Structures are given as structure tokens and as C-alpha cells.
Amino acid sequence: MKAIHLVLPALFFAVTSCTLDKTDFEEEIAVEIPENYSFEEVFSSQKETYKISVEALNGTFYKGYNEVRVKLTNVQTEEFLANSTITFFPVLTVADKQESCPHASILEYNSDEQYFEGYVVFTKDSNVGDWNIQLNFTIESGDFQVDKIVSVVQQPNKNLNMTSFTGNDEQYYIIALIAPQKPKVAENNLVAGIYKYVGDESAIINNEPNALASSFAVVNKYTLLLDPRMPEPSMGNHSSPNNRDLIQGEDGLYHGVVNYTMTGNWTLNFIMQNQNGKIVKGTEVSTDFTPGVEGEKSELYIDILF
Amino acid sequence: MKTFYYSLLMCFLSSPFYAQKTPMLSDTTQVNTLEEMLIIAKKKKIETEMKMAVSVDEYLASSDQISFIKRGAYAWEPLLNNMSSERSKITIDGMHIFGACTDKMDPITAYVESNNLAEIDIKSGQEGSMHGATVSGSINLKRKNTLFSDYGSEWKGTYQTGYEFNNKQFFNLGNLSFASDKFVADASVAYRKASNYTDGKDNEVKHSQYKKFNTSLGLAYKTSPLSALRFDAIFDVAKDVGYPALPMDLWLSRALITSVSYKKLFEEGLLRVWDTKLYFNTIEHYMDDTTRPENLVHMDMPGWSTTFGLTSKANLRKENLSSEIQVNAYQNIAIAEMRMYPQDRSERTMFAYSWPWVTTRYAGVSLGNSWDISPISQLNFGGSLGLNYNHSKYIDFNWIFYPGAPQEKTRFLPSIYTNYTLFANKFNVTIGGGYGQRAPSVSEAYGYYIYNSFDRYDYVGNPNLKNETSYELNASAGFKTENLNLSAKVNYFYIKDYIIGEILSLGSPMNYQSVGVKGYTALSYAEIVNFSLNGSYKITPNLQWKGNLTYVRGKDDKGGNLPFIRPLSYQTAFVYNYKKLSVQTSLNGDLEQVDYSPKYGEDNTPAYKIWNLSANYAFYIKNNKFIFQIGAENVLNEYYSTYADWGNIPRMGRNVFTSLKIDF
Numbered sequence: 001m002k003a004i005h006l007v008l009p010a011l012f013f014a015v016t017s018c019t020l021d022k023t024d025f026e027e028e029i030a031v032e033i034p035e036n037y038s039f040e041e042v043f044s045s046q047k048e049t050y051k052i053s054v055e056a057l058n059g060t061f062y063k064g065y066n067e068v069r070v071k072l073t074n075v076q077t078e079e080f081l082a083n084s085t086i087t088f089f090p091v092l093t094v095a096d097k098q099e100s101c102p103h104a105s106i107l108e109y110n111s112d113e114q115y116f117e118g119y120v121v122f123t124k125d126s127n128v129g130d131w132n133i134q135l136n137f138t139i140e141s142g143d144f145q146v147d148k149i150v151s152v153v154q155q156p157n158k159n160l161n162m163t164s165f166t167g168n169d170e171q172y173y174i175i176a177l178i179a180p181q182k183p184k185v186a187e188n189n190l191v192a193g194i195y196k197y198v199g200d201e202s203a204i205i206n207n208e209p210n211a212l213a214s215s216f217a218v219v220n221k222y223t224l225l226l227d228p229r230m231p232e233p234s235m236g237n238h239s240s241p242n243n244r245d246l247i248q249g250e251d252g253l254y255h256g257v258v259n260y261t262m263t264g265n266w267t268l269n270f271i272m273q274n275q276n277g278k279i280v281k282g283t284e285v286s287t288d289f290t291p292g293v294e295g296e297k298s299e300l301y302i303d304i305l306f
Numbered sequence: 001m002k003t004f005y006y007s008l009l010m011c012f013l014s015s016p017f018y019a020q021k022t023p024m025l026s027d028t029t030q031v032n033t034l035e036e037m038l039i040i041a042k043k044k045k046i047e048t049e050m051k052m053a054v055s056v057d058e059y060l061a062s063s064d065q066i067s068f069i070k071r072g073a074y075a076w077e078p079l080l081n082n083m084s085s086e087r088s089k090i091t092i093d094g095m096h097i098f099g100a101c102t103d104k105m106d107p108i109t110a111y112v113e114s115n116n117l118a119e120i121d122i123k124s125g126q127e128g129s130m131h132g133a134t135v136s137g138s139i140n141l142k143r144k145n146t147l148f149s150d151y152g153s154e155w156k157g158t159y160q161t162g163y164e165f166n167n168k169q170f171f172n173l174g175n176l177s178f179a180s181d182k183f184v185a186d187a188s189v190a191y192r193k194a195s196n197y198t199d200g201k202d203n204e205v206k207h208s209q210y211k212k213f214n215t216s217l218g219l220a221y222k223t224s225p226l227s228a229l230r231f232d233a234i235f236d237v238a239k240d241v242g243y244p245a246l247p248m249d250l251w252l253s254r255a256l257i258t259s260v261s262y263k264k265l266f267e268e269g270l271l272r273v274w275d276t277k278l279y280f281n282t283i284e285h286y287m288d289d290t291t292r293p294e295n296l297v298h299m300d301m302p303g304w305s306t307t308f309g310l311t312s313k314a315n316l317r318k319e320n321l322s323s324e325i326q327v328n329a330y331q332n333i334a335i336a337e338m339r340m341y342p343q344d345r346s347e348r349t350m351f352a353y354s355w356p357w358v359t360t361r362y363a364g365v366s367l368g369n370s371w372d373i374s375p376i377s378q379l380n381f382g383g384s385l386g387l388n389y390n391h392s393k394y395i396d397f398n399w400i401f402y403p404g405a406p407q408e409k410t411r412f413l414p415s416i417y418t419n420y421t422l423f424a425n426k427f428n429v430t431i432g433g434g435y436g437q438r439a440p441s442v443s444e445a446y447g448y449y450i451y452n453s454f455d456r457y458d459y460v461g462n463p464n465l466k467n468e469t470s471y472e473l474n475a476s477a478g479f480k481t482e483n484l485n486l487s488a489k490v491n492y493f494y495i496k497d498y499i500i501g502e503i504l505s506l507g508s509p510m511n512y513q514s515v516g517v518k519g520y521t522a523l524s525y526a527e528i529v530n531f532s533l534n535g536s537y538k539i540t541p542n543l544q545w546k547g548n549l550t551y552v553r554g555k556d557d558k559g560g561n562l563p564f565i566r567p568l569s570y571q572t573a574f575v576y577n578y579k580k581l582s583v584q585t586s587l588n589g590d591l592e593q594v595d596y597s598p599k600y601g602e603d604n605t606p607a608y609k610i611w612n613l614s615a616n617y618a619f620y621i622k623n624n625k626f627i628f629q630i631g632a633e634n635v636l637n638e639y640y641s642t643y644a645d646w647g648n649i650p651r652m653g654r655n656v657f658t659s660l661k662i663d664f
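Protein chains in written order, with full-length UniProt numbering: chain A, 1 to 306; chain B, 1 to 664.
Calculated from the structure, these hints are not laboratory results.
Computed from a prediction, not measured in an experiment: that's the story for all the values here.
Be a bit skeptical, because a hint or two may be false.
[Unchecked claim] These stretches of chain A come out as covered by chain B in the derived footprint (C-beta under 8 Å, 3 or more residues): (1) 175-187; (2) 230-238; (3) 262-270.
[As the list claims (entries may be wrong)] A few chain B residues facing chain A, derived, Cβ under 7 Å: (4) 502; (5) 506; (6) 509.
Think of the CB as a built atom: it goes at the ideal place given N, C-alpha and C, for glycine as much as any other residue.
Here chain A stands alone, though its shape is the one from the complex (with noise of 0.2 Å):
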């Protein structure tokens, strides 16, 4: 009998330890998410006593959208020059034939931060064609040019996603996810870049008119109405609440809101309206919930995976 008294207590104390463990959700929204925070040196150039220093995310380009700072420094005096202009134009050649893409031609000055910048949207990775970036400053001492091949990367994060498509009005355009980077199960701001292309409009670099220089622009009083669905058969065409649409703010991209309600595969699916309120692009996905059958998309769609 007296061994009841001492089994039991011991195999109290044998189970207070958790059989299955809980989901560590920080690390569970870190580990699938690729995510750059610093911006490091992607390449840099000396002319004379100049330096010039080109940054990006991680160091690198990804293909989509790259926010792009460039630091010019006195190397003798190893201040940071601010009164210059600095131009920016990226080049992708492929068999002869030259394009470029969404960015900043003339990249402006961050007085608080000490750098000018700019952002670059990468259409195509460096497997298709070489991209050069070509700069030019001018200074005191004169004018000044550098030519540099990059390489671009496919970009893994899957949240900053790009798609590029020709609209009911035949005209070409690009949509490029810039944030959130890294999504919560929230309330996220969702912010996008629409270009579109112009090419026959051209603009004057090195003197000379250039076609390409200006062939994107950035696109005016558009609206893009958002429709996030998670696509997997699994989840019945699952939607979220509260989502805003994109309208353009004052920094020339589009901000909206986005809602995920769990971890998992999304598909923000997309309509494009003009100015006028015209369909550019996109069309209505149903709101049906339709268990055991893979989600419908628009026709203008980007997924995100987290």
C-alpha cells in the first residue's frame, strides 16, 4: 500500500512535461521568409579623389523592385559630398538588342541620411542578358561617368514579387510589390510600383537623347483593387477581411492594406482601373467558398508565399 503513495506522486511528476510542443510562431514567420534589412555595397568606383558607392538591400540586385542609395564621398577629406547631381540608368543587353526598365533617372539627395536615392525595377535576371548600370555625377572637378555590369538575381522572397503584362489598352505595364517585406498574420501595408512603358519618348543623358533612358514611367491616378485569396484547394478560396485597395500616395506608389489571416500561400489578386475608372486589366474572382477546389485567379494576379 505504501508504494501507491510513492508511484503516484512520481508519476504526477513524470507527465507535467508537454507532449506535443507549441509552435514558436516568431520563428515560424522568421525561417520561411528570406529577409534583407541592411543595405550593403553592391559595387563602387573611384574617379580621382571621388568615391562613388552603390547600395541595395543585402548588397545585391534582385530582380523586382530595389530601393538603390549611392554615397559619394571625398576620399582625402572622407566627407560626403551632397552638392552633385547624380544620374542613374540601368541597361539590359540582350543579342545586340538594348532595353532598360522602371527607375529613378535623377537620384535625389537624403540631406538626414547623407545619400542619394533612388530605386531600380528589374524586369529580367542576369541569366537572360547583362544589365549595366551606368552613373554619371557632376561635380566641381567636371563631369564624371561609371559603367558597371551587375548581376541580377532571381529575388527568393516571394513577397517581393513582380509581374509584367499588356493591358486591355495595349499599352505594357509593370506592377512590383515593394512592402511588406516580411508580412504578419495582421493587418500589413501593402505597397506596390506601377510603371508602364513610353518608349518612343526620349530624354537627354550624356548629351545625347536616349530613347531607353525615359522608356518607363511611373503610372498616375490608376487604382488597384485587391482581392487576397489563399488558392490551395485545402483552404476553399479563403479570403480575409478589411482589405484597402492601392491608391497612389504622394511618393508615387500605390498603398493599400492587406489582411492575412494565416501563414500559408496567398494570391493577391488584382484589378488595374485607369483614371476613369476603366478596367485596364483583371477581372472578378468569385466569392464563393468552394472547398476541394483550387482558388480561381484574376487574370491579374501576384502570389506571396509566408
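Start from chain A and add chain B according to the hints.
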């Protein structure tokens, strides 16, 4: 010590007012029984009229104040005064414990076993606020405690075994106790194993099997003639529990419930008893659907709930006034996950929290007083004030439906009640009223896509919900002679900001069986009236009749019906004793559910009646008492489901049961 128990058996054996009166009388004669108070042991057996080996659920079901939501054969959700379990306080020896299943598959009553309980106290309405804020009342499960022995060391034991033919349930329940003048030990072990049951059409109800193991240990040491230290633990494991009304089953649940308490008695003065307890309990509850290959989505729903707390009470007495002051403080963390897999189950692809790490902290003071105004009248009054704090760690989930909702919320929960009883000859009359508030439950405030297979909606909690406020009136009247006992009770609840799920136009379902999303919202008010009649009559010294009738009506603010309101129900029973033989028969049933609520997923439930029959025979072999029982429930093999059976799953058909109990 004038807490009055609406004890279950008292409901049948005598009017509740007699029950109130009893402790008052016994108190005055208790001068030399202080030691007995040291460890309260009320020798009330956990068994019903019909059956001596019952589950806790079956035992509770024999009360006219309790009805059940059933998702299968196991772990029924008790409804007190026809209100869901969020509105009642369910405790074990005053300890707060919270289930770990978002779908309420594990009410606290699932973690005890009939052989480690001594009695169950049910208090209606605000009188139940002694353990914390409530609307419908409280259910306190009291464990068995053996008394210290004045006559030297003493071993006692009970063994009970039985077999139920319908679901091939085989059970073994064992108790062993040791008592000496300084030391007491209680131990119990129980194991039940049941297969699928068959309904009244002799069809097997798939996924209705279960296995349950429960063991408990209590050790008490007398630190002085008037004080004692006690340690208690319960460990419960349920495995392979099927829920026919759900798309998934329970793979494993485990509960560990522990406490250490110190009790001191005082022979003189204002303070009579001081009892303090520290407790800790942890529950794991793992639902999955590995047994349901037909499901398109595979989902695991593990849940964890851990609580620790303190409860301390003092009993005071001065002349005609006796009071109990109780302090309660606890912290609970509730976590529940949804892990979804595509059909090949190769890897987890989707994840969300259904309870995003919600912390609840509560601290409150409760006071109950009983004042004997005169030999024929008594006034009871009391109240409580509580502070309830919630914190949702992953508030982002809640922000999807309620952007900007606060991550933390603190609520004040006041409560007050009074009632007056008058005894006049064979009659007694009580009238009373109460006011109280409760905080929304974790699911109601922070739940996320919790699938409810009754109405097939996914439920989303609202952190901004207001407290639910209850205004309550109750009255009762009784008549008692030596052979006849009649009582009538009525209570009325007007509940402001009544929390219930309503269809959201936002969002789309997540669980593949669901048809839409409902959000917990507050109706501006709801009303519930409970009415019951109880009677018993000794026809001859050997033959006794008992009966009861209950009627309930629940309406929302637009005059519509509330869900889970029991239709008119009745029970009538005869008990015949002849020497060592006792024969019982009973008939119970519900009338047709007329006032059902299609809006909340209910449909019309037809009337049913169940006839039960049993006989037991007691005999002695070498000073050991044996009781053998054989009986049948649902003798007529009626095919039925009740108003509260999820998915209209049919109840058990004819069930022949046998059991043998040995006291040694």
C-alpha cells in the same frame, strides 16, 4: 458556516429551503465536532436514483438546474440555468481551471471522476459569485476528503466495476483511504473504456468511443489540534475520444491539478475558520483528424491552458450573523493553435492561433452573509468585486477583424445579491434578487476562427465587447410534511449586453465545413426565465415517488428565441425497497421543441421519452458490503436526439448495465 448548498440530492430528497436550514441547525450543535469541520466530509454519494456507477456528466444531468450540450458520448458541456458555460463558474474545491479546447470539448467536469468527488455544489445566479464573477451561477466540484481518525489507524477502500452493453463500456473504479489521528491519505484510480454506441435504430454511431484514466491523491497532516496542512493532486488522461458531431476527435488530453492548503479552526471569537489554498493546474488538449481520412483539409488543434492561483477564505460568526469572506486571485494562459495540412499531409503549410496566447488575471473579494433575523426568517446577502485583466500576446490576429483593438483590457466586475426566506409551519417562501457582471471569455474576446459545428460558422472574438450585466429575480415556495414534499422555483434573468455570435459580412470561412464567419457581438439585452416544480411522496414506507418538471423560455432583444433553451421537460420515478433489494424505475423526457431558433442554427426537435429500470441487491461477505446492480436505460430503445445535441446526433439506444460495488 451557513453556506447553503443547493445540493443535487437535496433537490430530490427535500426542498432547498430545508437544505438551507440544515447547516444552520447543525452549526449550533457543532461545538464538539470542530475536528470534523477540519476536513469537511459530506457523505453524499455521487450516484443517481437509477444508477450507482455514474459518470460525472450523468450525475450532473440528474439536477433540474443543469442541462447539457452534447457532442458525443464524452465530456458534455454543462449549462446552468440554460446558459452556456462561459456564464457559470465551474471550480474544483474552489480552484479555477480553464479548459484548453477552443470548441469547449473539455469542460472542467471532464477532468474529474465520480470516485474522487464527494459532492457537487450548485448555486444559482449571483449567489454563486463567491468564487468569482458569474451570471448563471456556480458549480463547485468537491473532492473526497477522509476525516482524521480518533480511533487509531484505519484503512478503508471501495472497488467498483461494471459493464455497459450498449457501448461495451468496461469500467473499474478504486478508492483507498488511510486515516490516523495525525495523518490522512486518500487515493483513487479509475479507468473507463468504451466503444461506439448504437442508437435507437441499432445503428452504430461512429466516432463515439473513448478511453479515460483518472487518478487522485490527497495527503493531510494535522499540524495542531485545530489546524491541518493538505496536499491534493488529480491526474487525468483521456485518449482516443471520438466526437461524432465534429469533424475531428481528441487524440490526447491530460490534466494535472494540484493544490496545497492550510486550514485553521478557532474555538472562540469572531473568526471561526480560515482556509487558504495555493494551486496550480495545467491542461493539454490535442484534437486532430487523423481518424477522418475523408476530410479535405487536415487540421490539428492543440490547446494548452495553465492556471495558478490563490484562494483564501475566512468564516466569521457573531450572534445571529455568519459570514464568509473569500479572496480569489489567479492567472491563466490560454493558447490554441490551428495547424492545417493539405491532403497529403506531407508538411504543414498553414498556421494560425485560435487563442493567441491570452493571459487572464483575476483578483477579487467576495462576501456572503447569512442573518437569522428570527427563528422563522433568514436574510442572505452578499456581493463581490473583481478586477479582470486580459492580454493578447499576438494581438495582430485580433486586429484583422477589429483593427486597433487594445492589446490589454482591465475590467471591474461588481456583484451583489440578497434573498429573504420565511418559514411558516409547513410552508416556506423565498424571494431574492441579484446584480452582477462578467467579463467576456477568452474565446468571446480573443478567439480567432473557432469552428462551431452546431451552426457551422467560424467564430471570431471581439476584444471590444462590454461586460455582460445580469439583473436577476428569484422566488420559490415549498411545502413539506413527513411524507409529502413540494417545491416550486422560478428565476428571471435580464441580461444586458448579452454576448452571442452574429453573422459578419466580413471575411470568409477558414474551416472547410463552415459556411461563414460569425463575430461575437452583444445583443442589447436577453431575457431568460427558468421555472421548476419538484415533488416527492412516500406512498408507503417502502415505496416512494419523485417527480419534477422544468420549463424555460429565453428571448433576445427582438423577441426571437435564444439557442439551447430546453423545452418543457419532466421526470417521474418510483423507488421500491424491500429488505436488501431495491427496485427503481423512471420515465423522463422533453416535449417537442417549439421555441427553437433557426437564426442560431437550431431546428425543431421532436418530443421523446425514456424509460429506465434498475434493481440492486446488497449483501455481506465477511463484513465486506457488496452491492450488485443490473438495469437498463432507454428500455424501449427510443430513437431520439435532444434539443442540444450537436448535429442532431442520435443518443444511445437501449443500454443494459451491470455493476458491482465492494466496500472493504
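With a Cβ-Cβ cutoff of 8 Å, does the region 262-270 of chain A contain at least three residues near chain B? holds (count 4)
Would the hint on residue 509/B be counted as holding, given a Cβ-Cβ threshold of 7 Å to chain A? Since chain A brings a Cβ to about 6 Å from residue 509/B, closer than 7 Å, the hint holds.
Verdict on chain B covering the region 175-187 of chain A, where coverage means 3 or more residues with a C-beta closer than 8 Å: This one holds; 4 residues, not fewer than the three required, reach chain B with a Cβ under 8 Å.
Quick check on the hint: residue 506/B CB to chain A CB, less than 7 Å? Hint holds; residue 506/B Cβ to chain A Cβ min 3 Å, cut 7 Å.
According to a criterion of three or more residues whose C-beta lies within less than 8 Å of a C-beta of chain B, is the region 230-238 of chain A covered? Coverage by chain B holds here, the residue count being 8 at a Cβ distance below 8 Å.
Can we keep the residue 502/B interface hint, with Cβ of chain A closer than 7 Å? violated, 15 Å
In this structure, only the earlier hint numbered 4 is contradicted, and the remaining ones agree with it.
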